[in-house]
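Those protein sequence lines, which keep their order, are chains W and F. The opening position of the first sequence corresponds to residue 35 in this note's numbering, with each subsequent residue numbered one higher. The opening position of the second sequence corresponds to residue 144 in this note's numbering, with each subsequent residue numbered one higher.
Hints listed in this document are in silico derivations from the structure and should not be mistaken for laboratory results. Just so you know, even glycine gets a beta-carbon here, dropped at the ideal spot from N, CA and C. A hint or two may mislead.
[What the hints assert, rightly or not] Below, a list of computed lysine to any residue pairs in the SDA-like style, where the Cα atoms sit at most 25 angstroms apart:
{"#": "1", "chain 1": "W", "residue 1": "Lys132", "chain 2": "F", "residue 2": "Ser159"}
{"#": "2", "chain 1": "W", "residue 1": "Lys216", "chain 2": "F", "residue 2": "Thr367"}
{"#": "3", "chain 1": "F", "residue 1": "Lys177", "chain 2": "W", "residue 2": "Asp411"}
{"#": "4", "chain 1": "F", "residue 1": "Lys344", "chain 2": "W", "residue 2": "Gly318"}
{"#": "5", "chain 1": "W", "residue 1": "Lys445", "chain 2": "W", "residue 2": "Leu456"}
{"#": "6", "chain 1": "F", "residue 1": "Lys177", "chain 2": "W", "residue 2": "Gly330"}
{"#": "7", "chain 1": "F", "residue 1": "Lys177", "chain 2": "W", "residue 2": "Arg414"}
[Claimed, not checked] Now the stretches of chain F that chain W is said to cover, found in silico as 3 or more residues with beta-carbon under 8 angstroms:
{"#": "8", "region": "220 to 228"}
{"#": "9", "region": "285 to 296"}
{"#": "10", "region": "361 to 375"}
The lines below spell out each chain.
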Amino acid sequence: MNHVTSETFDQNARAALGDVQLRGALRNATSLFGRRRLAAARSLDNWEDLRNQARAIKDDVLLHLDSYLEQFVANAERRGAQFHWARDAAEANAIICKLASERGARTIVKSKSMTTEETHLNNALEAADIQVVETDLGEYIIQLAEETPSHIIAPAIHKTKHQIAELFTQELGMPPTDDIAKLTSTARTTLRDRFAAADIGISGVNFGIAETGTILIVENEGNIRLTTSLPRVHIAVMGIEKVIPRFADADIFLKLLPRSGTGQRLTTYQSFITGTRTNPESEGPEEVHVVLLDNGRSRMLSHPVTRQSLACIRCGACLNACPVYQQIGGHAYGSVYPGPIGAVITPQLMGLEKTQQLPYASSLCGACREVCPVKIDIPRLLLHLRSEITEHGSPAVAQVKKRTSERAAFKVWRMTMTRPWLYKLSARLGRLFQVVLIRDGKIGEVKGIARLATPLTAWTSNRDLRPIERQSFREVWRASLRKN
Amino acid sequence: MLRFARTDMQTRTNNSSAREAILESIRSHLSLSKNLDAREEEIQHKTARVSGLVSTVISDATPVVDLFKASLEEVDGHCLIVHDETELVHALTDIMRNLRQTKLSSLRVAVSDNSEVQRLTSLIALDLDEIAVTPSAADVFGFDIGISGAQAGIAETGTLLLDSSRERHRLVSLVPPVHIAILDASQIVTTLGEALSLMQKDEQVSPIVTLVTGPSRTADIELTLAIGVHGPQDLYVIVRS
């Protein structure tokens, strides 16, 4: 298991930048997903309307989350689903471990769920001596390699087929091959036995429909269908923000989610699960349990800017669009949720003290906002969190030293920009002193004694800086007036 | 196991208090944002209640059956359109012959409890090694082919709608490596929205409804498409027109 954390984001990012294989894989993945998303969005002539409607629905849900949740729970309970409320990750894991131990469960099959990654459920189950098997191909690979997902949609994006083949040979005794079809069928065969033997299936939830008490889960592989159909007990883990009001709303979200995530018109399977089977003769689990997880989500409702983080439908489009993610991948973020949405969700879920570098892991270019199917203003959220770090100096970030210099720098900037005489003076001084730094017409890496004198070192260690022009626009303007 | 004794009691007493605590936290945090919300024109403007659905305009005049076939083939499914029972039996026989020649060494068939599907399958029984009706979860893994009906088709996506309260096909459509579905052209609707409204009868939805669009797929290894991971590798839909 790699112990990368958000606290060391700068070092993580630097290490990732040096990983040639990782960067190649990221380049392929993010550009492919990006192109597919664009083509899929363009295949509909009302993409913008859909985004606006989806956001309006989410805003409505979040403003009345308590009543929609109660409606969802009441309708699903009426149909035989059993509900468990968990304030935090530990509580959710305890509930699931208890359900498992009460039923004498030895093996659990699990389908992909970011929420259970967030609670580190697998660790809790293993500590309780229950074997848990990830069944999504990407997650299965990651579990065998004892790693963590690096992308919301494609968890094993950072691994090559050679590495996976090596892993399968080692762990599953498969004869060495580089054939992706063979690797896939090996995983299928191995996991069939697990599905057949499992006592409990654990899944995530994409949408909980309040009107009918229905859980909607989308996928391509079929492992979610197997997880929720074969074992006697199905446990679904769901963040409290996943509710949508009406059954018909699924139409809008099913148009947006697959197109934004993988560029598909529709994923291969959608399972609509409403309570338990009514006829004891029918197929499917006897018990359906839903664990509703708060874990810091309700806190995000307290401000309109932070609240929009809860509109996220976990499509991963912002990861693919982000110039920072494109270069460093998911692991550098040191958290379950990577990329732009991770940079805003993680600090809110885990607190700022250990994650304060994340809101700065962005150039604020706005690409994430452009592609977001529910129009989350991620740059605004990033700025909001940055200001919480610098302005309020909230108790969570009392030990912030680095950012106080940032605050001071912006003070000086404001002072200069609001006083013309000071601006003119500093421009002149700049022109005078930059002479010692200019090489070949640009300011390259600042070296030697000058490092001490200039705050530009951090910038120039990675890129060139354009020197200040010899004459300002006003000087040129005045000179030309004089000439005429 | 002793370790659980403590968490057991804790969680039992905690469930109702956790519920109240979470709902209370939602309400109190929402009330904190009330004043700020008033200032957020954006949000005010956006919470204007949405009514109805975005209608998808299918400008294409293509008949739904052809659109269904084209959409299904786009996602690597097979679609055969037949006009009478003779053609249908021929189609089934062809599929079986093809499967035996290319990938299956035996043809053990699991059928749903749909009587029409059972009758049609019995017509080709001589070509098959075994026929079983809705085998249990323990037995279904031994079958090569699952044959079922479907409750609707969606033309714009090439999707099958499987409602498990109207047919026992949850496992036969999922576990065997090949799934064959028999559908009437009259069951095909144009859009996903129409299919969703079919699913909701008197505000109720069946315990399990599954939408199936093509064979199972993954791109988890180097983003290379692989057909047939956990669900069926081959999906045939025979449409009776």
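Hints violated by the structure (numbers, ascending): 8 and 9
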